[in-house]
Amino acid sequence: PAAPRCRRRPRRRDVAGEAMSSIGLPAAARTTLNGTESSEDQSGDVPPLPPLVPGAQEASRGVGGAPVAGSMSGLASYFASCRDAGSNNSRETAALADVADEVLRDMHESSEGAKPCPTQLAAGFPARDRAEIISWLVETFEAVGLTDSLFFSTVYLLDRYYATTPHEEMKNGDGRKKLLAAVLIVLKVASRENEVKMCLREVVCKTLGGNKVSWRGILAAELAIFAKLGFSVEMPTARDFLKVQTIRILDCDRQSRGLAEYLLQLTIVDARLHYRHPHSLLAASALTLALFATRAPQEAYRTIIEDLVSMLPDCSNPTHRLLSCCQDLHRLWLQCASGERGGGEGYIRALGAKFASAALGSASRIEPPAMPLLAFPPHAALHEALAVVRVSLLATSGPAAHDDGGGGCGVAGDVPELPSSRSRLAAAPSPRSRQAWVTDLHTKLRKASRASRRGQKILAT
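For what it's worth, the working numbering labels the leading residue of the sequence shown as 11, then goes sequentially.
Since the hints were derived computationally from the structure, they do not count as laboratory data. Note that the Cβ used here is the ideal one computed from N, Cα and C, for glycine as well. Errors might be hidden in some of the hints.
Pair ranges (Cβ atoms, derived) [claimed, not checked]:
1) Arg202 / Ala363: 22 to 32 Å
2) Leu229 / Glu355: 31 to 41 Å
3) Arg93 / Arg226: 47 to 57 Å
4) Thr129 / Pro323: 24 to 34 Å
Could you build all of it, start to finish, from the sequences and the hints given here?
Below you can see the structure in the form of structure tokens.
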């Protein structure tokens with residue numbers, strides 16, 4: 011009799027990895043948890059992942075294996091709520107509930123450990139050369155159809171390489187090879203949603219390089235980058251954190267998402283700002299400022315601070331750091347919108363042309379708010395009342411209101427003028443208009459103060 015056929019055991023699906031890929035998390039965060047790779051053994055089966063923390067999985071589950079709501083973050087609870095959904099995609103997403111918090115913390119630690127020093131970056135990567143390269147990248151990637159995630163990864167890889175000592179001289183031929191080699195590396199390690207269906211050699215040499223750089227030269231430059239960075243080339247970027255933080259925000263429309271993407275990409279022009287704050291905090295600030303500029307409801311801000319606390323467990327005052335980063339980002343936005351930003355003009359123009367399309371919510375055409383965020387979550391009526399006060403002080407005091415010497419209210423010297431829609435308040439007020447202004451201000455301040463107990467006490471006195 012014929013010998014029976016040996017059937018190979020079916021390969022077990024990597025449900026968590028596929029779900030992580032569906033929301034855009036990097037491969038480093040998908041495949042490595044607590045330093046243990048989920049690699050296949052020789053038999054073709056995927057071994058089960060060990061507990062991330064001894065007893066963590068048992069302690070986080072209640073009767074019947076259901077997760078305990080108080081033992082996980084808001085994002086993990088959101089994933090756990092998909093367990094009872096009818097679709098297969100929802101149940102696969104629910105598999106992230108057990109690993110979401112650990113993965114987010116691992117992403118933050120990996121990002122902080124790999125961030126280049128701004129001083130070393132300025133010494134090894136001159137600002138003029140860096141501005142020219144990022145301008146070329148944003149224009150070329152948009153023309154070829156490469157995703158924004160690939161753009162962030164390429165810039166991050168180049169910054170890490172040139173910030174690592176010993177520094178190298180930027181030569182024309184060598185610089186082109188290193189640039190194309192960085193793009194090649196990013197394309198090789200790209201996740202499923204960022205995969206390029208074309209031949210990588212054709213994309214890098216012909217489409218991007220214009221057949222002016224040899225393939226052997228690019229491969230040699232690729233090996234040099236690997237050696238200098240210790241083969242640690244894929245790290246979470248600021249855009250990875252932004253994609254995670256928009257998962258639960260239901261009130262974030264296309265315009266708000268497009269503006270958050272625009273502001274986050276705008277920070278790349280300022281290397282010191284981009285690497286001064288943690289990337290998780292920078293992404294949260296871009297999203298907060300975008301929601302504030304598009305007048306999103308206050309419910310949209312609730313999940314931002316929850317996810318930020320999950321990523322920054324050791325931060326004592328995340329709200330204060332978020333407001334500080336929002337103010338730095340708001341200042342950069344004003345400089346770029348007014349043309350006062352020194353350096354990177356080509357990148358700013360290319361980015362503005364890219365985000366002017368309706369598909370991205372015409373984000374680059376949105377005017378920046380006149381005042382930065384003063385509280386979190388921001389109160390629209392309070393900011394509007396403060397803006398009315400400022401414009402009225404400028405109208406009554408004249409140019410002297412700008413030179414307060416650091417005294418007074420401290421707002422007139424830091425905040426630019428309001429848009430033209432309120433320019434009617436800049437005229438010298440007459441007695442009648444002054445009385446109308448007082449009434450208007452009283453109404454707006456009363457509405458804003460009702461939201462706080464301290465405001466109610468002030469009104470009572």
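Hint-by-hint comparison with the structure:
Our hint of 22 to 32 Å for Arg202 and Ala363 holds, since their Cβ atoms are close to 29 Å apart. At roughly 34 Å, the beta carbons of Leu229 and Glu355 sit within the given window of 31 to 41 Å. A hinted range of 47 to 57 Å holds for the C-beta pair Arg93 and Arg226, which are about 52 Å apart. Remark: the range hint 24 to 34 Å for Thr129 to Pro323 is upheld by a beta-carbon distance near 28 Å.
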